[in-house]
Every structure is written in C-alpha cells, then in structure tokens.
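Protein chains in written order, with the numbering used here: chain Z, 807 to 1177; chain V, 807 to 1177.
Derived from the structure by calculation, the hints contain no laboratory data. Glycine included, C-beta positions come from ideal geometry on N, C-alpha and C. Mixed in with the good hints, there may be bad ones.
Here are some chain Z residues pointing at chain V (derived, C-beta under 8 Å) [to be verified]:
1) A893
2) R916
3) S928
4) G931
There are 2 protein chains.
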Amino acid sequence: MATVLSVDRGVPCPAWKQVLSKRLQKRTPRNDRPSATLKDVAQRAGVSTATVSRVLNAQGKVNRETGTRVAEAVAALGYVPHAAARALASRRSRTIGAVTAALDNPIFARGIQALEHRLELSGYGLLVASSNYEPERELKQVRTMVERGIDAIMLQGDSHLPEVYALLQRKGIAYINTWVYDAAATHPCCGFNNELTGHNLADYLLDLGHREIAMVAGVTAGNDRARNRIKGVAAALRARGLDLPPARVVERPYSLSDGRDGLRELFAGPGPRPTAVIGGNDLLAIGVMLEAQQSGLTVPGDLSVAGFDDIELAANIAPALTTIHVPVEEICTLAGDYLVARIEGRPARDHVALEARLVVRQSTARAGGRA
Amino acid sequence: MATVLSVDRGVPCPAWKQVLSKRLQKRTPRNDRPSATLKDVAQRAGVSTATVSRVLNAQGKVNRETGTRVAEAVAALGYVPHAAARALASRRSRTIGAVTAALDNPIFARGIQALEHRLELSGYGLLVASSNYEPERELKQVRTMVERGIDAIMLQGDSHLPEVYALLQRKGIAYINTWVYDAAATHPCCGFNNELTGHNLADYLLDLGHREIAMVAGVTAGNDRARNRIKGVAAALRARGLDLPPARVVERPYSLSDGRDGLRELFAGPGPRPTAVIGGNDLLAIGVMLEAQQSGLTVPGDLSVAGFDDIELAANIAPALTTIHVPVEEICTLAGDYLVARIEGRPARDHVALEARLVVRQSTARAGGRA
DNA sequence: GCGGCGAATGTAAGCGCTTACTCATCTCCG
DNA sequence: CGGAGATGAGTAAGCGCTTACATTCGCCGC
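Construct the complete structure from the given sequences, taking the supplied hints into account.
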C-alpha cells in the first residue's frame, strides 16, 4: 500500500541491529569513586550519623543550627543518600509498582503518567511493567517487583492469578485493582462498573433504533474489563428481547488494524449486516470506523460506531466518536492516593467508584437514517 | 460541540475526588509476618548462607545435590530475595531508569515498552519518569533515580542540563541519549539524525513543487530534536533559494489539538497560504490534517501534510500520512543492549546510528494539483 | 539545692545479602 | 605416597543506612 522511499543521504544505512561505533567503551568498574556516605557527612559536620539521618528525614528533634551545619556538609560533599541502604534499614523502598496490560494503548500510558505524577509529589518512584494481557506474565512481573521491594502496587482489572493475591498478601504489600469497581469486591479497587457502561452504551444504540448490533471486543481471556463490557451489552440486548450471538462478537487485541480486521470479520459473518458496531475500546472503534469509511460506507449513515475510553483522537477524528469517557487520570491518581495512604499507615477507602459517562458525538445516528 | 449525556444508572455519581467506600482499612504494619530470609533457607537446607547465595546467583561452584536441596528449601519457604539487601551488598540494584519527555505520546510509550521488554530479558527493572520537556524537572528526576540506585539510565535527546551529565559521570552511572545520532557527540547516543530527516522530508515536498512550506513544530525549548528537524527543513529550503520565515513556523506541544491549533495560526499569518505543512511529529501532523479537512480543505488536494514518527494511526487514517518512519522499538532495544552491556562490564558501541526513512503515503501530492 | 524532666545528640545493633578468605577434601601426578 | 591444585562449603566482615536506647545537659519546681 504505502510506498517506501528512502531518500536517506550521507548516513550509511544499517540494517536492524547493524550499528556504527566510534570507539569501544572500556569496562568502567562500579565503585570507581566511592561516593560520600552518611558517615562522611557526619564527620564533616562534626556530628553523629544518627543526627545526619534525622536531619535528612526531617524528623524535627534537631537543633536548628546543627541542621544547618549538616545541610552544608551535604551540599559540600554532593552527598546522595543510598536508597538500597535506606530501604534495607527502614524496610521501605519508596517505590511503587504498576503493571499495566499495554503501555502502547494511549489510555493506559496516560494512566501511568498520571500515577507517576501523583507519586512524584509524595517522593515515590514508579516501577513499570506491561503484561501484554498475559496473566502468567503478570504474575512473574509482580513477583520481580516484590523482590525489588516495592511498597505497594497498582494492578489493572481484578482477574489476577490467585498467586498474585497470595504473594501480595503474604508480603503485606498494599495493592489496588484499577479500571474496575465492584462494591462487593474482596479486593481494593478504584474505577467504574464496566458491565454497566456496556449496558448504557448498548441502550443508547437501541434507543436510536438499532437492532443489528455487533462488537469488536477486546480479547477476553484474562481481561475482565473486556468480558464485562460484552456482558453489559448482551444484557441490554436481552432486556429488549434481542440476542448477541457469538458471531456478532469478534475479539481482537487493541490496535487500529485489529479494529479494521474485526469489522471485516463481522461483515463476513452470517445474517444481516450490523447497523451499529461497538468497539471494545476507542482504538478498535476507530479502526472499525476507518475500515468502514475506506470500504465506501459512511459513518454514521451506513454504520454507527461507538467505543470506550475517550482517547484524544476520539474527539478529533471525523466523524467524532461516540464513546464512554473513562476518567483515567482520576482513576490512577486516586489509586496513587490510596497506595500512598496505605503505605504511610493512614486509613483509606478501599472501594472507590468513579463514573464513566457516555459522550455522544457524531459517529452514531438513528438506525436506517442516513446521517 | 459534543453533547455529554449521562445515562448512568444505579451507581451514584461521585464528582471527581468524591468517593464511596465500604470500609476503612486499618493500618497494616509492615513487617507483619517477617518473610523468610536467606538464613532461614540456609538452615532448612542445612547449609550456610553463602552457599544459598551461590545457588541463587547461579555461580556454578556448587554441588548439584546441594543445589537441589537449596532449591527445595527456597520453594518450601516461598523465599523471595530482598532486593535492597542484595543491592546494598553487591552495589548493583538491577534497575535501570528512563526519563521520557511524555508518556502520552504513543511513540514514546512504545519506546518505553520496548525498553522494558529488553530489560526484562536480562532481569532488570525499569523505573520511569516523564519530564514534560522541562529540563529542570528532568534533572530532578535523574537525581531521584540516582538516589534510588539505578545502575544505568536512558535519556531522550542530547540537550540536558550540565548537572545531569555531571551527576551521572560522578556516580559512574552508564547513560545513553536516544532519538539522536551524532557521530561526533561526546555522549553515547542511539538514534538518527533529526536534522537530516527534516532535510529529506522538505526535499521531498520541494520535489513535488511546493514552495510555500510551513511547519507546526514541536516546542523547541529544551528539545533538540524539534530544533534539529526545523533546522533541517530550513536548510533544505535555503538550498533551493527559499526561506523559512518565523511566521511559517509555529511551535506547539504534541497533541492533536495542538496540531489543529497550529494550522489555524499558520493560516492566520501574513503572506500566501502554505501549500504544504510539516508537523513536528505525527500527532501534530494529523491534527493539522484533521483541522484542514474539517475546515473544508482536501488533503492532499488543497494542502499536503507530512509528519515525523510513523505512529500506527499515520498508516490508517485517511488519507494515510506521509511521514518519517522512526524505528523507535529498535532505538530503545539497542539502548537497552548498550546499558546492560555497560553495567555488566562488556564493551559496547557508544554511537549507534539507525535510519529514519521517509514513507510516502497519500497525504502529500504535487503542488497545485488537486489530488 | 536536688530530683526530675525534656531536648538534643550519640552509641551501636542490626536490616538481609554478597563475597573475600579460609578450610577441608578429593584428585591426580611424578 | 606426598603434595599441588581443584573443588565445595563455611566464616565473617561489611554494604550505608535507621532507630531503639543511652547519655548529657540545662532548667524548673519545690
């Protein structure tokens, strides 16, 4: 399709993994120049290490003048505390982990970014990993994060391998499931009711007169959110005496091309063509929309399309996408609030509900009516 | 523009920060159930801690049978090594840092994800932070990462505050600048020549007959890549006796709406309207394209648009975007290779050039010709 | 004038691991 | 058959901090 034209000039063209180099680096032994330690600071300031530690940790209890002297020593020596030593002695690493399904879905990336901002405020670092929606991999990642001594961890969804919960509980590590809300959940969570949003979105399409509704859903294996969204849609249809047969639900990961691909499969299916397609997330929905348009259909004239998430593109593409707005920054910020509170021994609400609202735009219209 | 319609049902609708809770958590003292330590494992296996350590670190030197016995003890106790202790004793944290400009630009998120994958293979964790293109903030983040004991760090671009380089060098921490390549650079780098890609892209448009070329560039303050792309474009124009006056370059962050906004400003400027606009990255370019289309222009008929990066959307949107394909996964994977090699004392090439190719698609056409 | 108290600081015991050394066997040759 | 060299395992000294506990000292009330 796309012509690839190299107009490169001057720079040699190395293939993947072929590289240029100027010189080889010699091994730099760690430990080269031993950095200043607490002891050095203490010596220079003429106090004990305990006092320096107190100053650094702002525990009050220190004479103003002594504090100043220490601060000067710290500055003069360019002293940088050694986190591992601190973690070992205090049994706190001041790092929090987050395992996300996929960083390359912008909605998740935004969440991670929001969490990082929140944690930065409280002086925590953020260790990330992406599980690619594979539970086994998630477990492994949680495990290595636990080894790394994270103080708390943010998870996505609530269907995790039992070992994940067991490990976290055994180690007394605070955790929270995000993107989901269930008042009756046994685990802390912060998010919204995915099934309900699916239900609402389907209701809206039904109200527009659509009867032939299909979905390009996310892959449900190990993904409770995808599952629940489908469940909600199916329930809404059932409530009106309609059905959501398997052939009307195709599962795809989460890219634009997955969405395009999904629509082609739906159209190849048996029975009447759907008049409305719900994407399991905006990327899928937009993929569906682009595929429809590029195969000559108009949206929403010939096909209504809706999604979940409300990524930036949803509001900007033409036609703008009707979708469920997910307050991802809020979810992750609140999750950060929760984790920090738990670490620091403050009480925290462990079931937080946020609202994911339907945002009607131009990609949906009455069934049958052309635009 | 967009109607917001709440069809929420059942779930109360808390405003941002308003939350529901089921019960308050009691403080869980850390240290609750002291986890098994090396010593416990040693005891159970009837060996010394040194032996257990050797087994865990696969240093050979251990009898097969002893090894098995230790492994059993580890499993039986559910032993998880304590990374901080390990880091303190070995002076290696097995974590690497990455500070990116913005995680919510999908191209960067993909890079981080690729890096994480690479590091996972070698057993390293990834600490992330996003600087929002603010040098001061980057410095602060590098500093806290250094405190956290990262073994190495990946940076974006090559214009960092001198304190950043100084700190890293003083601490003997390996680092690499990504997204840039300069054979003569004093710092390790892995990427491509941004100026050259700007030059190539402009040449291509000039070859199509465009003379009125404008840019919606990234914000240049503290961003060498944005600066160099502009520089390349300007050089190409100059080489053909043309000019790139300040009014023809507007700077915007990196979102779709920034792109739309940028085009409006360009159109409001003096002189003839540009016939081709280059976006400082694909998000900006696509924003430009959407704005043009939604204000009644056709792309590429009335306006040619091109970008940099080649995000997934570029190939899928209509018309598909002509852009510079940036091999971000390769860049970050190679950067990971480099950092791991340096940490482990292996030699590594410290100037790696990759190619960023022009990919011609449908958003550009001959000047004057409608489609 | 003395016991007592609180504030400011020092002392030192670890936190859980790695690793340089040491030591005991065992193997293999001359 | 003695000793050099391997090999496998143990001993113990930290790594750089935090923190419980001890100490010092000035000051107050009676």
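Verification of the hints:
1. Using the Cβ-Cβ criterion of 8 Å, the hint placing Z:A893 at the interface with chain V is satisfied: the shortest such distance is roughly 4 Å.
2. Checking Z:R916 against chain V: minimum C-beta separation of about 5 Å stays under 8 Å; hint holds.
3. Annotation: Z:S928 was flagged as interfacial toward chain V, and the flag is violated, the nearest CB pair being 12 Å apart, outside 8 Å.
4. The interface hint given for Z:G931 is met, as the beta carbon of that residue sits about 5 Å from the closest beta carbon of chain V, less than 8 Å.
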